[in-house]
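S.K.: Protein chains in written order, with this note's numbering: chain L, 1 to 106; chain V, 1 to 172; chain G, 1 to 539.
A hint or two may mislead.
Said to hold, decoys possible - Under the rule of at most 25 Å between Cα atoms (straight-line distance), these lysine-lysine pairs were calculated in the DSS-like manner:
(1) Lys15/G with Lys91/V
(2) Lys15/G with Lys204/G
(3) Lys339/G with Lys271/G
(4) Lys140/V with Lys339/G
(5) Lys140/V with Lys91/V
(6) Lys91/V with Lys271/G
(7) Lys140/V with Lys15/G
Unchecked claim - The following label-pair restraints were derived from C-beta to C-beta distances:
(8) Glu4/V with Leu244/G: 39 to 47 Å
(9) Pro528/G with Met108/V: 56 to 64 Å
(10) Leu244/G with Ala92/V: 37 to 45 Å
If you are wondering where the hints come from, they were derived from the structure by calculation, not from laboratory data.
Remember, predicted model here, so these are calculated numbers, not experimental data.
All C-beta atoms, glycine included, are put in the ideal place defined by N, C-alpha and C.
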Amino acid sequence: MIPVIHYLFLSFSLLLIGIVGATIRRNILIKLFSVELILVATSINLAAFARLFGDAAGQTFAVFTIAITGAEFLVGAAIFAAIFRRWHAVPVPAAQESPRQPSVNY
Amino acid sequence: MLSEVTFAILAGIAILSSVVMISREKAAFGVMYFVLTLLAVAGIFLQLHAPLLFVAQWIAIACLLLGLILFAVEVAKLDVALADEYYWRSKAAAVAVATLLLIEIVLMLVQRHFLPGENAAIFLPQNPASAAPSPGNVMKFFFAYSQLPLGLLLFLVLTAVVGIRVTFQKRV
Amino acid sequence: MLTHVLDAIRTFMHKDGAVLLPELELLLFALGILAMDVWITQRERFWSPALALAGTVFSGLTLWMLRTRILQSGDLIGIHESVIADSYFVFFSALFLVATALVILLSLNSPATTAVNQGRHYALLLFACMSMMLMISSVDLLVIFLTLEAVAVSSYFLAATPGFSAKPDPGAAKYFLKSALGSAIVAYGFSLAYGLTASTNIGKVATGLDRRHNLANVLASSRHPDAQGAQLQQLLQTRLPEALHWHPWMLQALPIAAFTLVFIGLLIKLKALPAHHWSRIANSTAPLTVTLYLGGAFVIATIALFLRMSLTVFADSQTTWWYVIVAFSVVIIVVGTIKCFASSNLERLVTYSIPVHVGYLFLGLVAADEAALTAMTYYLFAYLFMLTGTFTVLLALRRGAHHNSEQRNTVENLLDLPGLRRRSPITALLLIVFVLSLAGFPSTAGFYWRYSFFRALSETGHHVLAWFTVVAAVPLAGAYLRIVIYAWRNNTSKPQTETAPVSFGVAEAIVLGICLFVSLAAGLYSEPFTRVARYAFGP
Chain L
1 MIPVIHYLFL SFSLLLIGIV GATIRRNILI KLFSVELILV ATSINLAAFA RLFGDAAGQT
61 FAVFTIAITG AEFLVGAAIF AAIFRRWHAV PVPAAQESPR QPSVNY
Chain V
1 MLSEVTFAIL AGIAILSSVV MISREKAAFG VMYFVLTLLA VAGIFLQLHA PLLFVAQWIA
61 IACLLLGLIL FAVEVAKLDV ALADEYYWRS KAAAVAVATL LLIEIVLMLV QRHFLPGENA
121 AIFLPQNPAS AAPSPGNVMK FFFAYSQLPL GLLLFLVLTA VVGIRVTFQK RV
Chain G
1 MLTHVLDAIR TFMHKDGAVL LPELELLLFA LGILAMDVWI TQRERFWSPA LALAGTVFSG
61 LTLWMLRTRI LQSGDLIGIH ESVIADSYFV FFSALFLVAT ALVILLSLNS PATTAVNQGR
121 HYALLLFACM SMMLMISSVD LLVIFLTLEA VAVSSYFLAA TPGFSAKPDP GAAKYFLKSA
181 LGSAIVAYGF SLAYGLTAST NIGKVATGLD RRHNLANVLA SSRHPDAQGA QLQQLLQTRL
241 PEALHWHPWM LQALPIAAFT LVFIGLLIKL KALPAHHWSR IANSTAPLTV TLYLGGAFVI
301 ATIALFLRMS LTVFADSQTT WWYVIVAFSV VIIVVGTIKC FASSNLERLV TYSIPVHVGY
361 LFLGLVAADE AALTAMTYYL FAYLFMLTGT FTVLLALRRG AHHNSEQRNT VENLLDLPGL
421 RRRSPITALL LIVFVLSLAG FPSTAGFYWR YSFFRALSET GHHVLAWFTV VAAVPLAGAY
481 LRIVIYAWRN NTSKPQTETA PVSFGVAEAI VLGICLFVSL AAGLYSEPFT RVARYAFGP
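Next comes chain L alone, as it looks inside the complex:
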C-alpha cells in the first residue's frame, strides 16, 4: 500500500497549483478550472483517508465533493454566459436600415 503521505503531497501540490492559477490568470475560464482543481485535490485527500481508515464516510464525502465540482462549474458557466453574452449582431448590408433582431432571446 502506498503511504498516505504521498497522496497528501499530491493533493497539496494540486491545491497550490490551483491557488496560483486562480490568482495569477486573468482568463475567467482558467480561473474557474483552477478552483475546480482545488476541489479535485480535496476529493483525492478524502479518498486516500477513506482507504487508510476503511471508512465509507470519506468516500461518500468525496462523491459529494465531485458532485459539487460539476455543479459549481455549471453555475459559473451560466453566470459568465449571462454577463458576457453579446447579442449576435450580424453584419448588415448597407441597404438595410435597422439591424437584425438578436437570434437568442432570453
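Fit chains V and G to the known structure of chain L by using the hints.
M.R.: Positioned in the frame of chain L, the structure of chains V and G alone reads:
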C-alpha cells in the same frame, strides 16, 4: 512495486497537465489539459480501491464536457480576461504560493531521509484498516446516512435553476 | 396508503424534522411563490413579496416554538447527528429572518420592470435565508460544506441579479470566482480535519484534534531536561515508543494547516464582496438591496459559521493559531481603512468598510471569554441594523437615477452630498445617525460595542490589541465622518437646480424606523440587547 510506479505515473500526469493548464493562453486548450488532469485523478481513485469515485469522476468529466458544449457558443466569447486594478497583489500572492509549492516539492524529495516510518507526520486517530471500504459498504452507508446531503444537493440544484431564471432576463 | 404517508411525515416532523422545521417552512413559501409566479398578472405583483414576508414571519414563529422546546428539553439534534437546533442556531436564524424581511420590505419600492420585483427574486431570497439557517444548524463537516455551497450559490445568483440594464453586474463574475476559491480552500481544510480524526461530526473532530494537541504538549514537555521531562519520557517509552522519534511540531503541522486553510478560505469569502472592481468609471449596476443583503446577512452567516467552528473544532489549539488571526485582522483593518479613505463613491465606501468591521470581530475571537463572545454577537446584531439603515438612505438618495435623463437628483458620490440638508433635512440627519453609529460615536450601538470589546480584550490581558482597536477606530471614524461633513455642508459649488425632495416609501419608513431604534437604543440602553446577544451561547 507496480502500484508505486502506477501512482508515480498518474500523479505525474495530473500535476504536469494541471501546470500546463494554468499556463495556456487560450481557454479551449486549458479545457483539454484539465480533462487530462481529471482522467489521471480518476486513475488514482481506482488505485485507492474506490470504484464508485472512479465512476463519479467520469460522470463529472462528462458533465463538464456537456456543460461546455451547451455553452459552446459562449466559450469562444467567454475567453474573457478580467481587468484587475490591483493585479500586483494577485501576482504577489501567486509568487508566495509558488514558493510554498517549491518548498513542498523539495520536502517531498527529502522526506524519506528524516521522517521515520511510512505514515510520517500523521499520527493516526485509529489503526489503519487492512482493506478499503467495499463498494457495497459504501452504498449501504450512502443510503443510511446521506439523505440530508442528497437533499441539500437537490436543493442546491433547485436554487441554481431559480437563479439561472433570475439572471437571464429579457430587456424590458 | 395515504395514512401511511401522513404517518411517516408526522413521525419525521416530530423527531428529525423538528430541527429543520423553520427551513422547511421557508422552502414551502418559496415554492409557493415560484408556483404563483406563473399565473399572477402585473397588477397582482404585490402577492410575491407579501408571501415572502409571510414566510419569514411564519418561520420566525416556528423558531420561537423551537426555542421554547429547547428551553424545556435541551438542544435538539437530528438526522444522524448532523444538524442541531441550539440557542446559537435560534439567535442567528432570527437574525437572518429579520435581515431577509428588511430586504424584502426595501425591494417593494423598486420599479416594476426590474428583476428585483419579480417573484423569482423573492424565492431566491428565501432560498438564501434557508441555506444560511441550515449552515448554522449543521454540525457535520459534509453538511457544513454542502450548506456553505448552497449559501454560496444563492449569493452568486443574487449578485448576478440584473439591475436596470437587464444584464448582471460584471463584478458578479469576480465575486463568483473569489467566493468559489474560498469555498474550495475551506473544503480542503475540512478534508484534512477528517483525515486527522477519521470522523466528520465536528464534536468528534474536536475531541480528536484535542487528543493530538495534548500528545504534542506531552512530547514537547518530555524534551525538557528537568525531572518532569524525564518522567514523561518514561511514560512515553512504555505507552507510545514510536512517538519519541517525532518532533511535536509534526503532530501540530496538519491541524494548524487545517485551521489555517479553513480560516483563509472563509476570509477570502468575506473579502469577496462585490466591491465593483470591474471599472473605475462605472458605478455598480447591481441593485442596492442585493449589495446590502450580501454585505449584511451573508457576512454575518460566514462569521457565525467560523465562530462555531472555532469554538468547537479548533477550540483547544487556541494559543497556536491566534497569531494567525491577529496578523490577518490587523492587515485587513489597515488595508480596509485606507481603501475607505480612497473611495468617494458612497456605496463603495460603505462596502469597503465591511471588511474592517470583520477584522475587528476576528480580534474579539482572540479574547474568547464570555464577555468578548457576547460583544461579538451583540455587534453582529447591531451591525445588521446599522448597515440596513445606511443602505436604505442610500437607496432613497439613488432613486430616480435611471429614470431622469439628467440624473441631477441622484446622490452617488460624496461630492453630490452638499445641499442635502436643504433638500431634505430628515435624510441628512438619518444618514448622519447611521454613519456615526457605524463609526462608533458615543450613545450609539457602535460605541457600546467598541467599549465592551475594549474591556473584554483588556480584561483577558491583551492590552496591546485593546489599544490597537481604539487607535485603529479613529481613521475609520474619520472616513465615515467625511460623509457626515459632506452631508452637513451647504451646496455652494454646484448651481442650484430643481431638486425634488428625497422621499421614502411606507416600507422604507418602517425599515428606517426599526434600524434607527436599534442603532440608538442599543447604544443608550443596551441591557436587553446584551441579554439577547448572550442568549446565543446558552439560554
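S.K.: Each hint needs a verdict: does it hold in this structure or not?
M.R.: Against the structure, the hints:
1. Between Lys15/G and Lys91/V, the direct Cα distance comes to roughly 52 Å. Violation of the 25 Å bound is thereby established for this hinted pair.
2. For the suggested pair Lys15/G and Lys204/G, the alpha carbons sit about 23 Å apart, so the restraint of at most 25 Å is met.
3. For a cut-off of 25 Å, the pair hint linking Lys339/G to Lys271/G stands: about 13 Å separates their Cα positions.
4. Among the hinted pairs, Lys140/V with Lys339/G is inconsistent with the structure: their alpha-carbon atoms are about 53 Å apart, more than 25 Å.
5. This hinted pair does not check out: Lys140/V and Lys91/V have alpha carbons roughly 47 Å apart, beyond 25 Å.
6. A threshold of 25 Å between alpha carbons decides the hint, and for Lys91/V with Lys271/G the separation of about 17 Å falls inside it, so the pair holds.
7. For a cut-off of 25 Å, the pair hint linking Lys140/V to Lys15/G stands: about 23 Å separates their Cα positions.
8. The hinted window of 39 to 47 Å between Glu4/V and Leu244/G is violated, with their beta carbons roughly 29 Å apart.
9. Taking the beta carbon of each, Pro528/G and Met108/V are about 58 Å apart, inside 56 to 64 Å as hinted.
10. At about 41 Å, the beta-carbon gap between Leu244/G and Ala92/V stays in the expected band of 37 to 45 Å.
Hint violations for this structure: numbers 1, 4, 5, 8, all remaining hints satisfied.
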